[in-house]
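Protein chains in written order, with our numbering: chain U, 1 to 135; chain E, 1 to 80.
Keep in mind the hints are simulated off the structure, nothing from the lab.
Please read these numbers as outputs of a predicted model, since none were measured by experiment.
Some clues are possibly wrong.
Claimed, not checked - As a list, the in silico DSSO-like pairs of lysine-lysine whose alpha-carbon atoms are at most 27 Å apart:
# : chain 1 : residue 1 : chain 2 : residue 2
1 : E       : K65       : U       : K122
2 : E       : K40       : U       : K28
3 : U       : K41       : U       : K96
4 : E       : K28       : E       : K40
5 : U       : K95       : E       : K32
Stated by the list, open to error - Distance ranges between label pairs, derived from CB positions:
#  : chain 1 : residue 1 : chain 2 : residue 2 : range
6  : E       : K36       : U       : K122      : 37 to 47 Å
7  : E       : K36       : U       : F124      : 35 to 45 Å
8  : U       : F30       : E       : D27       : 13 to 23 Å
9  : U       : T5        : E       : L64       : 18 to 28 Å
10 : E       : I4        : U       : P23       : 53 to 63 Å
11 : E       : T31       : U       : M121      : 35 to 45 Å
12 : E       : W33       : U       : K20       : 32 to 42 Å
By construction, the Cβ of each residue, glycine as well, lies at the ideal position given by its N, Cα and C atoms.
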Amino acid sequence: MSHSTSYISKLKSSKLILEKELPRYIEKLFFEPKLTRIRIKFRDGIILYIQFNDFDEYAYSIIFSKIDLDRCRFDNYDDKWSVSSRPHHFHPRNKKAGFSSPMTGIPNHDIPVICNLILSMKLFSPDFRFENLKA
Amino acid sequence: MTTIPVKKELLEELVDLKLKFLHDEIDKILTKWDYKNPEKFLLHAKNGTLEEAEPDAITLKQLLKDREELFKFKISWNDV
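Can you build the whole structure from these sequences, using the hints too?
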C-alpha cells in the first residue's frame with residue numbers, strides 16, 4: 001500500500017475484513033472516520049480500536065477493561081523501542097515496553113492477523129510475544 | 001467525483017462547521033493531556049516522554065492536517 005492511500009480507505013478496508021472475519025463476535029461496530037478510527041465492542045466486553053492517519057501511522061488497541069494498562073497495542077508511533085520490526089512494535093497486556101510486532105500498517109495484511117489473534121485469545125496473556133520479526 | 005453548484009455562503013458555513021468540529025476535537029485531546037502546544041504533544045508522544053499517548057497522537061496529527069487543508073481551502077476561495 002502506498003503513501004497515496006488515504007486513512008479513510010484503510011478504515012474502509014479494515015471494516016470489510018473485520019465484518020467478514022468476526023461476524024459472531026462483534027456486538028457493535030462504530031465506523032468513526034472523523035476521529036480516524038473504527039471502534040468495536042465485542043460480545044465479551046472487549047473493545048478494539050483500529051486507527052490510521054495519512055502519515056502511514058497506525059494503532060490497533062485491544063482494551064480488556066478500564067484498569068490501567070489492561071490493554072495491548074500494535075503501533076508504529078512511539079519511536080523508542082529497539083526491536084527487529086522497528087518502528088512497528090507491540091505493547092503486551094499490562095506492559096509499557098514495546099516488543100517485536102508482525103504488523104505493517106497495511107490493513108489487508110494486518111487486520112486478518114488481528115482477527116486471528118483475538119479469536120485465539122493469545123493476546124490475553126501478558127507473556128505473549130512475537131519473536132525474530134523483521135520490519 | 002461528482003461536482004455540484006453550491007452557494008458560497010452555504011459552503012462557508014459548512015466549512016466553518018467542520019473547522020469547529022476539528023477545533024473542538026483538537027482541544028479535547030490537548031486538554032486531556034494538559035498540553036497547549038500540539039507539536040510539543042506530538043513530539044513527546046513520539047519520543048516516549050508521554051506514555052500511552054500514541055492513539056491520541058495519531059488522531060491529532062490527522063486533525064491538524066485536515067484543519068490546515070481547510071484553512072488553505074478557505075483562503076483559496078477568498079481570492080476568487
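Cross-check of the supplied hints:
1. E:K65 with U:K122: With a Cα-Cα distance of about 36 Å, the restraint between E:K65 and U:K122 is violated, given a limit of 27 Å.
2. E:K40 with U:K28: At roughly 35 Å apart (the allowed maximum being 27 Å), U:K28 and E:K40 break the hint.
3. U:K41 with U:K96: holds (24 Å)
4. E:K28 with E:K40: holds (16 Å)
5. U:K95 with E:K32: holds (22 Å)
6. E:K36 with U:K122: 37 to 47 Å: Between E:K36 and U:K122, where Cβ atoms are some 41 Å apart, the hint holds.
7. E:K36 with U:F124: 35 to 45 Å: holds (39 Å)
8. U:F30 with E:D27: 13 to 23 Å: holds (22 Å)
9. U:T5 with E:L64: 18 to 28 Å: holds (20 Å)
10. E:I4 with U:P23: 53 to 63 Å: The hint (53 to 63 Å, Cβ to Cβ) is violated, given that E:I4 and U:P23 are roughly 37 Å apart.
11. E:T31 with U:M121: 35 to 45 Å: holds (36 Å)
12. E:W33 with U:K20: 32 to 42 Å: holds (36 Å)
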